[in-house]
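Colleague: Using the hints provided, position chain B relative to the given structure of chain A.
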Amino acid sequence: MTFLAVGLCLLGMAVALVLAALDDGVTFFYTPSKVATEAVPAGQPFRLGGLVETGSRKTLDDGVSVAFRVTDCIRSLSVVYKGVLPDLFREGQGVVAIGRLEESGTFRADTILAKHDENYMPKDLADQLKEQGQWHRDGGGEPCPEAKS
Amino acid sequence: MSAEIGHFALIVAAILALGQSVFPMAGAARRHGALMSLGNTLATGQFVFVLIAFGALTWAFVTSDFSVANVVQNSHSGKPLLYKITGVWGNHEGSMVLWCLILSLFGACVAWFGGNVAPGLRARVIAVQGLIGLAFLAFILLTSNPFDRVNPMPPDGRGLNPILQDPGLAFHPPLLYLGYVGFSVTFSFAIAALLEGRVDAAWGRWVRPWALAAWSFLTLGIGLGSWWAYYELGWGGFWFWDPVENASFMPWLVGTALLHSAIVAEKRDALKSWSILLAILTFSLSLLGTFLVRSGVLTSVHTFATDPERGLFILAILAVTVGGALLLYAWRAPTLKGGGLFRPISREGALILNNLLMTVAALTVLFGTLYPLVVDTFGLGKISVGPPYFNATFLPLMAPMILAMGIAPFLPWKRADLIGVLDRLKLIAGVAIALAAAVVFIEDRHSFAAALGLGLAAWLIGAAGWETAGRIRLFHAPPGESLRRASAMPRSAWGMTIAHAAAGVVVAGITVSGVWQTEVIRTMKPGDRADLAGYTIGFAGVREVTVGNYRARRGHFIVSEGGVAVDALWPEKRLYLPQRVPTTEAAIRTTLFSDLYVVLGDPDGKGGHAVRLYHNPLVPWIWIGAVLMFLGGMISLTDRRHRVGAPRRSARPASPRPSEA
Chain A
1 MTFLAVGLCL
11 LGMAVALVLA
21 ALDDGVTFFY
31 TPSKVATEAV
41 PAGQPFRLGG
51 LVETGSRKTL
61 DDGVSVAFRV
71 TDCIRSLSVV
81 YKGVLPDLFR
91 EGQGVVAIGR
101 LEESGTFRAD
111 TILAKHDENY
121 MPKDLADQLK
131 EQGQWHRDGG
141 GEPCPEAKS
Chain B
1 MSAEIGHFAL
11 IVAAILALGQ
21 SVFPMAGAAR
31 RHGALMSLGN
41 TLATGQFVFV
51 LIAFGALTWA
61 FVTSDFSVAN
71 VVQNSHSGKP
81 LLYKITGVWG
91 NHEGSMVLWC
101 LILSLFGACV
111 AWFGGNVAPG
121 LRARVIAVQG
131 LIGLAFLAFI
141 LLTSNPFDRV
151 NPMPPDGRGL
161 NPILQDPGLA
171 FHPPLLYLGY
181 VGFSVTFSFA
191 IAALLEGRVD
201 AAWGRWVRPW
211 ALAAWSFLTL
221 GIGLGSWWAY
231 YELGWGGFWF
241 WDPVENASFM
251 PWLVGTALLH
261 SAIVAEKRDA
271 LKSWSILLAI
281 LTFSLSLLGT
291 FLVRSGVLTS
301 VHTFATDPER
311 GLFILAILAV
321 TVGGALLLYA
331 WRAPTLKGGG
341 LFRPISREGA
351 LILNNLLMTV
361 AALTVLFGTL
371 YPLVVDTFGL
381 GKISVGPPYF
391 NATFLPLMAP
401 MILAMGIAPF
411 LPWKRADLIG
421 VLDRLKLIAG
431 VAIALAAAVV
441 FIEDRHSFAA
451 ALGLGLAAWL
461 IGAAGWETAG
471 RIRLFHAPPG
481 ESLRRASAMP
491 RSAWGMTIAH
501 AAAGVVVAGI
511 TVSGVWQTEV
521 IRTMKPGDRA
531 DLAGYTIGFA
541 GVREVTVGNY
551 RARRGHFIVS
561 EGGVAVDALW
571 PEKRLYLPQR
581 VPTTEAAIRT
591 TLFSDLYVVL
601 GDPDGKGGHA
611 VRLYHNPLVP
621 WIWIGAVLMF
631 LGGMISLTDR
641 RHRVGAPRRS
651 ARPASPRPSE
661 A
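Keeping their order, the protein sequence lines are chains A and B.
Using my numbering, you'd call the opening residue of the first sequence number 1 and step up by one each time.
Using my numbering, you'd call the opening residue of the second sequence number 1 and step up by one each time.
Hints are not guaranteed to be accurate.
What the hints assert, rightly or not - Footprint (simulated), chain A over chain B, 3 or more residues, beta carbon under 8 Å:
{"hint": "1", "stretch": "342 to 353"}
{"hint": "2", "stretch": "364 to 373"}
{"hint": "3", "stretch": "380 to 387"}
Think of the hints as simulated: they come from the structure by calculation, not from any bench.
This structure is a prediction, so every number in the text was calculated from the model and none was measured.
Yeah, the Cβ is synthetic: ideal placement off N, Cα and C, and Gly gets one too.
So here's chain A without its partners, still in its complex pose (with noise of 0.2 Å):
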């Protein structure tokens, strides 16, 4: 009785715990046209995902910066990150940038993800993708063919 007691507290605390960690502990993941729809505050965290806008890569003055946009094809966000970009970072490819809004509407990331595959497209992204009905990357080639920017 003594431990199922025991068993019974833990797993109610861990309850608790579980509840109290997804309210901070979870993040959303959203295209550039998704945040300006849902219109997602300045501050909040959440991942932000879409390809590097071609040519909108540059360093900026301190040296290791970088700003470049993310785009869905219907809309771009710009992003800056300091520290040293992942070697599958390339302009045209899918990214996932963690990290918030600023005031000015700049996307700040902590974390840039590349997977280790030089195809990198988070399934969350293509799936977003697809329900925009901007997916055209069937055999490769340029994601937007109409590139915006």
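Modeller: Coordinates of chain B only, in the frame set by chain A:
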């Protein structure tokens, strides 16, 4: 020819596995000795044929046989020999062959070394092992044939993913599989016992060495994986709570619980039904991990190339195995005779607390891992559950765990005096609390986590050392007497002490590196210097080098301490030529107490380079701890009472205290 031999050997192995799952089972039901021992022969045969297939595939890789599709996709003639061999399991198909090889090896081991297991139970274990083997061999033959040919034959291969061309990752999968698949044996023991409808204390004794071996390898495999992520991904982090990492961590947690509950099953003839459930859950989580990694249902930073059809097949294996096992459990477990009642404050009580905490912790990790999938399935948005969730749920459960780990080895079986034990531990508790207080006093940033982590680590290491010191009467008896007692101490007790202390070492490493990591991100021109954690790091320049199958920009950094140069570091940015894939190779200066970690970034176009420098104090302790845990497991495994096939001693030497680990 070798590819056809390999393919044929796989088919033969599958047929033998079918026989292995049928004949010994029928033999056990009819008490037919010859049928039962036929299982042993078939298990050996299955292993031999999978070994032939594995050998054929390895041969195709080593000789760069580009008529085999798998070799074309994952190898290249200009690759070093080591990576030609490790390339065999650096891809989905080949890694499944390795999985089956290890699975059939474990089945054969039960046949070879299981002489002390009751014949009926052993026959059923081998049959269940054969059934699992059959499922995975069918999976390879139907969806993932590694021996497919290509026509016309290309002149050269596409090469192994450069990020896998690394010694750490070369040996990570085999170790991980030894762990994952090792738990298939405990699973088979559980199913066999349910089929027999009888579990006694001997069951616990038979299961323990298998659980211990699997757990040790899984520990080493996870440790190696996290070490690889640390130095190869160039983020300076070692654990990201990524779904793929969690996939290997959940079986480890439940396997740890199984390791401890099997002790109670053996020593006290109790918790048997629970141990069986844990054995089922551990292997189920191993299969779930395989499914999550191969099917690509979850977004992860590191995975294999994925394929939904294969995912579906593994899901079917998973559903049949887990569903069938749990159904059998629900049907048969109530008929198992339970053990006697016992008191909460006792050795077995502490082991149950371990079980509860480990399984609840595994549940929170499981929930966090699958939650995004559930949310997505119900169309509620795309989310990811990140480190904040796991830190907020997992770590609070580990704190009481570590507190109890310090006390438990002091508790005797059946009935213990908690006050007396705490009294004996007051010195260690005092030291741990003093250390925690000192941390709060010195450090105001993150002080609570740092103080708690370090206090717990000191408590655990101290208590493990104190327990051993008391047992061998260190400084209370002449040194010769202590030495004699130390050598007479059972190996399983040494193993436990080492593994518990090692957990403390890991906690210390995680805490200190997490709280006191410092980093510098800046551009450096040749001649520039940066100061970090008492070191001065001078940048001497960059040059282009070509080595084997890659070209690299190699940076040269000079590390000095107090004006004296102590080391030179050479981080690289590589471009692997066959695939034109870039990788970053961090350069790490490691001492036992800290790492200096240098990453070379891109040129800024003005003569400088982006550079990322980290100082990670105590981070090596994480892997030292993992290796110590593995050694603890191995030392315990050599205990003659664990030794598979060793004759039981009729009389055990009297030990001063209950001494089981």
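Colleague: Each of the hints needs a verdict: does it hold here or not?
Modeller: Tested hints:
{"no.": "1", "hint": "342 to 353", "in the structure": "holds (count 4)"}
{"no.": "2", "hint": "364 to 373", "in the structure": "holds (count 4)"}
{"no.": "3", "hint": "380 to 387", "in the structure": "holds (count 7)"}
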